[in-house]
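Let the hints inform the model, and build the full structure from the sequences given.
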Amino acid sequence: MTTIYSSATEMAQALSKKDISSVELTKLHLDRIEAVDGKVHAFLHVDSQGAIAQATAVDAKRAAGEKLSPLAGVPLALKDILAQKGVPTTAGSKILQDWRPPYDSTVVAKLKAAGVVILGKTNMDEFAMGSSTENSAYGTTQNPWDLTRTPGGSSGGSAAAVAAFQAPLAIGTDTGGSIRQPAALTGIVGVKPTYGGVSRYGVVAYSSSLDQVGPFARTVLDTALLHEAIAGHDERDSTSINAPVPQVVAAAKKLDVKGMKIGVIKELGGTGFQAGVSQRFNEALELLVAGGAQIVEVSCPNFEYALAAYYLIAPSEASSNLARFDSMRYGLRVGDDGSKGAEEVMSITREAGFGKEVKRRIILGTYALSSGYYDAYYGSAQKVRTLVKQDFEKAFAQVDVLVSPVTPTTAFKIGEKSNDPVAMYLSDIATIPVNMAGIGGMSLPVGLAPEDGLPVGMQIMAPVMQDDRFYRVGGALEAALLSKWGKPLLSNIPELGGM
Amino acid sequence: MTLDYAGATTKYEPTLGLEVHVELNTKSKMFCGCATEFGAEPNTQTCPVCLGLPGALPVVNAKAIESSILIGLALNCSIAPYSRFARKNYFYPDMPKNFQTSQFDEPICVNGYLDVEIQTDEGQKVFRVEIERVHMEEDTGKSLHVGGATGRIHGAEYSLLDYNRAGIPLVEIVTRIVPGTGKYAPQVARAYVTELRDILRSLGVSDVKMEQGSLRCDANVSLAPIGSGKLGTRSETKNVNSLRSVERAVSGEIERQANRLEAGERIIQETRHFLEESGQTRPGRSKEQAEDYRYFPEPDLVPVTPDAKWIEELGTRIPEKPSVRRKRLQTQWNCPDKEMESLVNAELLDVVEETIKLGAEPTRARTWWLGEISRLANEKEVAPTSLITSKDVAEIIALIVGGDLTDKLARQVVEGVISGEGSASSVIEKRGLKVVSDDSALMTAIEAAIAAQPDTAERIRGGNIPAAGALIGAVMKATGGAADAAKVRELLLKHLGRG
Chain A
1 MTTIYSSATE
11 MAQALSKKDI
21 SSVELTKLHL
31 DRIEAVDGKV
41 HAFLHVDSQG
51 AIAQATAVDA
61 KRAAGEKLSP
71 LAGVPLALKD
81 ILAQKGVPTT
91 AGSKILQDWR
101 PPYDSTVVAK
111 LKAAGVVILG
121 KTNMDEFAMG
131 SSTENSAYGT
141 TQNPWDLTRT
151 PGGSSGGSAA
161 AVAAFQAPLA
171 IGTDTGGSIR
181 QPAALTGIVG
191 VKPTYGGVSR
201 YGVVAYSSSL
211 DQVGPFARTV
221 LDTALLHEAI
231 AGHDERDSTS
241 INAPVPQVVA
251 AAKKLDVKGM
261 KIGVIKELGG
271 TGFQAGVSQR
281 FNEALELLVA
291 GGAQIVEVSC
301 PNFEYALAAY
311 YLIAPSEASS
321 NLARFDSMRY
331 GLRVGDDGSK
341 GAEEVMSITR
351 EAGFGKEVKR
361 RIILGTYALS
371 SGYYDAYYGS
381 AQKVRTLVKQ
391 DFEKAFAQVD
401 VLVSPVTPTT
411 AFKIGEKSND
421 PVAMYLSDIA
431 TIPVNMAGIG
441 GMSLPVGLAP
451 EDGLPVGMQI
461 MAPVMQDDRF
471 YRVGGALEAA
481 LLSKWGKPLL
491 SNIPELGGM
Chain B
1 MTLDYAGATT
11 KYEPTLGLEV
21 HVELNTKSKM
31 FCGCATEFGA
41 EPNTQTCPVC
51 LGLPGALPVV
61 NAKAIESSIL
71 IGLALNCSIA
81 PYSRFARKNY
91 FYPDMPKNFQ
101 TSQFDEPICV
111 NGYLDVEIQT
121 DEGQKVFRVE
131 IERVHMEEDT
141 GKSLHVGGAT
151 GRIHGAEYSL
161 LDYNRAGIPL
171 VEIVTRIVPG
181 TGKYAPQVAR
191 AYVTELRDIL
201 RSLGVSDVKM
211 EQGSLRCDAN
221 VSLAPIGSGK
231 LGTRSETKNV
241 NSLRSVERAV
251 SGEIERQANR
261 LEAGERIIQE
271 TRHFLEESGQ
281 TRPGRSKEQA
291 EDYRYFPEPD
301 LVPVTPDAKW
311 IEELGTRIPE
321 KPSVRRKRLQ
331 TQWNCPDKEM
341 ESLVNAELLD
351 VVEETIKLGA
361 EPTRARTWWL
371 GEISRLANEK
381 EVAPTSLITS
391 KDVAEIIALI
401 VGGDLTDKLA
411 RQVVEGVISG
421 EGSASSVIEK
431 RGLKVVSDDS
441 ALMTAIEAAI
451 AAQPDTAERI
461 RGGNIPAAGA
471 LIGAVMKATG
481 GAADAAKVRE
491 LLLKHLGRG
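Sequences listed follow chains A and B, in order.
Residues 1 to 499 in this note's numbering are what the first sequence lists, from first letter to last.
Residues 1 to 499 in this note's numbering are what the second sequence lists, from first letter to last.
Please keep in mind that the hints were generated in silico from the structure rather than gathered at the bench.
Just so it is clear, CB atoms sit at the ideal spot from N, CA and C, and this is done for glycine as well.
It is possible that some hints are incorrect.
As the list claims (entries may be wrong) - Counterexamples of contact, computed for chain B against chain A with all Cβ distances above 10 Å:
1) Pro54
2) Val59
3) Lys97
4) Ala263
5) Arg282
6) Asp292
7) Arg294
8) Pro299
9) Gly463
As the list claims (entries may be wrong) - Keeping only pairs whose Cα atoms sit at most 20 Å apart, straight-line, the calculated SDA-like set for lysine to any residue is:
10) Lys340(A) <-> Ser143(B)
11) Lys88(B) <-> Ile363(A)
12) Lys340(A) <-> Asp94(B)
13) Lys389(A) <-> Asp337(B)
14) Lys321(B) <-> Asp337(B)
15) Lys142(B) <-> Tyr330(A)
16) Lys434(B) <-> Gly422(B)
17) Lys389(A) <-> Pro299(B)
18) Lys88(B) <-> Val87(A)
19) Lys340(A) <-> Arg201(B)
20) Lys340(A) <-> Gly155(B)
21) Lys88(B) <-> Lys340(A)
22) Lys85(A) <-> Cys47(B)
23) Lys327(B) <-> Arg201(B)
24) Lys383(A) <-> Pro299(B)
25) Lys63(B) <-> Arg236(A)
26) Lys11(B) <-> Lys340(A)
27) Lys88(B) <-> Lys389(A)
28) Lys88(B) <-> Ser370(A)
See the structure below:
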């Protein structure tokens, strides 16, 4: 029987066999959201009406015998950073309160065309700046594994929704780890595709050269199905790659790593990593070896500068990307009492509309781009970026994929790092190099840390447009782990009440 | 004591620098598919991209790149195999993104020149104006400040914004400093802009209408004491909306600066606005505190890398230089200076050349286009070339020369063509407008005229030859002007025994 605990693949099969209708499936999830989101707060906006309408349309098409996409009728949660026509899109910011885009982002258009049912918009750190959702202007999302902890961020709402069975699929964005880190902290699968693999058109920009849209799901195959549904060249996004989408679904089904060379990045492990994280990571490596893979240690010496360089490049681009939020054409307007000039209203609105972390990054970026400082900051950061890219190139010359833990620790307590930005920034230390190099990476749950019983994620990375490689390794490892555990990791998640 | 222009240029050596902004006439905008038509209802030619809505991304208009390369080639520039766009960051309500996407340190065309010829005391002299760069950028929206005394944002009650212009492709052509023009600086400036305008028109890349703002000139002027070998502080004069204004703005600025220097004051580096009525300039915003635009490479766009073969192909499409062509045609047609100037100003050179190529006699071709056709076009407030084709005009002229049409009949043919009755030949046929050369038909009309005015006929018989005018007029009237008056006179006098 199909339930909210089924995988998206199972749901899709049941739908195609007409064991369940999309409207019924959608209602199951809307009920679940109703029952548990008071505790999790994964959603900023639940679009019940729109979702039922979409589901009804898919059911009608199926009844008429139309050929449908593999995920037609399956529900999904959408990060509130993607424009969806007529549906509130805030990017977690007060400055976009009540903004309803007049257009669909390319990813949303693709999802709609594939018949995927969009349940609503999920919580996130404001403008994707953060690693915990604590920077959201609309409250923090709780980790369904432990409601006193964060689900990670910035796509924390999407990750929590999938982990809490509010949706089998979700869309996130990843600029420095914003898909992979919350996936790891909530025990689900999350993928940041190769930069340019998925269109950014209609994604509220944080850092244009680093942002990438990607899928969340509870299994590798589900993630691959969603990946294929949203990927591909888009003429509206100049930076999207005009090449065939990697065969990620086929790769996820391969379940075989025999003869593959897997590189462990020396610099991303050991000191500074929680014992349970390292333990589960190493156990997963053993399973890969048992599956016939060869483990090689590789060194990426320039990664130690990646975090610092990221915090120059991303804020620089953000300072410019966020300049458009000036109250003139859309969004919040504060202080326009008829006595003030445009510049003053802009200034008052921005002061009132942006949160602390966003202001911090705008100031950082403005400074880094200033004449006289540009070369030392933005310029040097770009050089580091090139070096990080070269580190990856050298490493991939020796191995097929690279692996590391996704995060140094398991999910941290809400409030634990919110007053220490650098500590917060460090939770992305292992994920940021991937964005800097424009390659893709997956976060795969590999167990619960013995000391706190919280999920641990392994990061699997592959060269540009070779995303199928991490799906292959991820699928095989997931199968090995499942047979070791006897049941999915998420079956250990505490019951949230409700159903 | 104040210096007049002659006095100013006796003491000071002016240095010029010219920045010309050209709106390209592409059908769509620089980075989106919106229409570019001039004069549309405000804010009807906009979309998420040119309104800078969250999530929207730019895509470079390939036609704009082509036009820019054509301009570069016509100005003897090198075309960069790799150029980039950058973001110029500043806040202003008519800039939807609060940054302008513009080429900065990596322009598409560099190092060109344009030779211009002017009349000096020593005869015609050629000045070489070196081109530093030709780069692409997008136009801003238009602000209309209402309620203030000066039409400026400060002091206005409110402002109206029209984003139709936002994103229109602009090409900026920047000269190096032009030294050594002496007192001829204003004429050199005017000749340069004129020649540039003609080149752009011949390339077909812009409407080049200064009064509509599709060609805008900023004139930089500085003065230094003659022989000092130094460069003075420059001012930049904007709002120069006609060729005549270019000349006036430069001479006005030379005079103003000379008088300041005479009075022991220093020149402030600033933007000044040209005042059409007085020919003076008034200060705009001061550039003493150089604005920091925080330029950085536009991360949403990939570099522009035109193919060498394509550039070569475009090179074959550069037409003959307009000044060279004008001289050639003037000689060929044996055309007086004044008339040539009229043809150029009325933009009739092409159509007259076509008409002549179709066999029309040059003098008649010029006269018809500049005279009757232009007169009718003025009445209708349209371009002469929109009324009638060169083929029709050539046909009409051939019939006049062959004696088949009188000028009067020809005007009726032209009018018929213009009112949509068909081609020249079909109008002639339908209206029966051929010259009546049949003697017997004319004799019938002559006899009728004599019968109607027997007294007049008697006077002619009696030797009063000038009285024939009345009868000739009557015959002409009776034939609807379709008779050759000389022929009528000959037949009439003969009939009355006075031939």
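Next pair to validate is Lys88(B) with Val87(A); report whether the Cα-Cα distance is within 20 Å.
The hint is violated at about 32 Å.
### Task
Take the C-alpha atoms of Lys340(A) and Gly155(B), compute the straight-line distance between them, and say whether it is at most 20 Å.
Roughly 11 Å between the alpha carbons, so the hint for Lys340(A) and Gly155(B) holds.
Next item on the list: Please settle this one: Asp292(B) was flagged as non-interface, so is its CB more than 10 Å from every CB on chain A?
Entry: The claim is violated: Asp292(B) sits with its nearest Cβ about 5 Å from chain A, within 10 Å.
message = Minimum C-beta separation from Lys97(B) to chain A exceeding 10 Å: can you confirm that?
response = It is violated; Lys97(B) is separated from chain A by about 5 Å at its closest Cβ, not greater than 10 Å.
- Does the alpha-carbon distance linking Lys88(B) and Ser370(A) stay inside the 20 Å limit? 12 Å, holds
*When you check the alpha-carbon spacing of Lys88(B) and Lys340(A), does it fall within 20 Å?*
26 Å, violated
Requested in this report: Evaluate the condition: distance from the CB of Ala263(B) to the nearest CB of chain A exceeds 10 Å.
Outcome: 34 Å, holds
Holds or violated: Lys383(A) and Pro299(B), Cα atoms, limit 20 Å.
16 Å, holds
Below or equal to 20 Å on CA atoms is what counts here, so check Lys11(B) against Lys340(A). It is violated: about 48 Å lies between the C-alpha atoms, which goes past 20 Å.
Does Lys88(B) pair with Lys389(A) here, judged by a C-alpha cut-off of 20 Å?
Outside the cut-off at roughly 28 Å; violated.
Pro299(B) clear of chain A by more than 10 Å, beta carbon to beta carbon? Not fine: 4 Å to the nearest Cβ puts Pro299(B) too close to chain A.
Quiz item: Can the restraint linking Lys340(A) and Ser143(B) be considered satisfied, given a maximum Cα separation of 20 Å?
Solution: 17 Å, holds
Violated hints for the displayed structure, listed by number in ascending order: 1, 2, 3, 6, 7, 8, 13, 18, 19, 21, 26 and 27.
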